Amino acid sequence: MSYKSLVNNGLYNMNAFPMVLYETAATWRNLLDKRLKPLGLSQAKWRALLLLSMTKYPLTQIQLAKKLGIEAPTIVGLIDRLTKEGWVIRQDADYDRRVKVICLTEKATLTLDQIQNTAEELSKELLAPLSEAELEACIATLQKIKKTAEESYE
Numbered sequence: 001m002s003y004k005s006l007v008n009n010g011l012y013n014m015n016a017f018p019m020v021l022y023e024t025a026a027t028w029r030n031l032l033d034k035r036l037k038p039l040g041l042s043q044a045k046w047r048a049l050l051l052l053s054m055t056k057y058p059l060t061q062i063q064l065a066k067k068l069g070i071e072a073p074t075i076v077g078l079i080d081r082l083t084k085e086g087w088v089i090r091q092d093a094d095y096d097r098r099v100k101v102i103c104l105t106e107k108a109t110l111t112l113d114q115i116q117n118t119a120e121e122l123s124k125e126l127l128a129p130l131s132e133a134e135l136e137a138c139i140a141t142l143q144k145i146k147k148t149a150e151e152s153y154e
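Numbering (the UniProt record's numbering), first residue to last: 1 to 154.
Hints were generated in silico from the structure; no laboratory data involved. Model, not experiment: these values are computed from the prediction. Check each hint, because a few of them may be wrong.
Stated by the list, open to error - Computed cross-link-like contacts, DMTMM-like style, restricted to lysine to aspartate or glutamate with a CA-CA straight-line distance of at most 25 Å:
1) K56 <-> E23
2) K146 <-> E136
3) K147 <-> D94
4) K144 <-> E23
5) K124 <-> D33
6) K66 <-> D94
Claimed, not checked - Have a look at the derived ranges for each label pair, beta carbon to beta carbon:
7) T27 <-> G86: 25 to 35 Å
8) L68 <-> T148: 29 to 39 Å
9) C138 <-> L50: 15 to 25 Å
10) C138 <-> G69: 36 to 46 Å
Cβ atoms here follow ideal geometry from the backbone N, Cα and C, with glycine treated the same way.
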C-alpha cells in the first residue's frame, strides 16, 4: 500500500514517521554519548571529531558548522573547547593565510579508533534484531527520504 493510500484511508498518522525517526536518532546519539563520556567527549565533541576525520581536506569553521547543522557562533565555542582540551588545532589554510582550518591533533587521531569501535558496537547491538533484508530496506527507504528532502531544500 502506498503512503498516499495509507493517509487517505486514515491508517497512518502524518506525524508518526518523523517522530519515530527523530526519537530513534536522538536515543541512538544519547546512548553513544553515554558510552563516550569516559573519554571526556560530549555528543557535540565526538560528532565534530568524527566529521573532521571523514573529510579529505581540513574544514573551515563555517564548513564544519554546516556539516554539523549548527550556527556559526555555536561552532566557535565548540572549537574553542576542543582546542583547549587538545583535540584540535586551528591552522592557516594552505590556499589563504587569512582562512583558518580545523585539524585533528595526535590525541584525537589516537582516540578515533576507540570512538569508531564504540559506535560500531552500539550499531551491532541496536541493529541485531533486524534481518539483513530489513536493514537494507530501511537504509534504502531512508536514503530516498533524504534525497527528496535535499532536493526540496535546494
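Going through the hints against the structure:
| no. | hint | result |
| --- | --- | --- |
| 1 | K56 <-> E23 | violated, 31 Å |
| 2 | K146 <-> E136 | holds, 15 Å |
| 3 | K147 <-> D94 | violated, 33 Å |
| 4 | K144 <-> E23 | holds, 19 Å |
| 5 | K124 <-> D33 | holds, 16 Å |
| 6 | K66 <-> D94 | holds, 21 Å |
| 7 | T27 <-> G86: 25 to 35 Å | holds, 30 Å |
| 8 | L68 <-> T148: 29 to 39 Å | violated, 22 Å |
| 9 | C138 <-> L50: 15 to 25 Å | holds, 21 Å |
| 10 | C138 <-> G69: 36 to 46 Å | violated, 22 Å |
Hint compliance for this structure: hints 1, 3, 8 and 10 are not met, and every other hint is.
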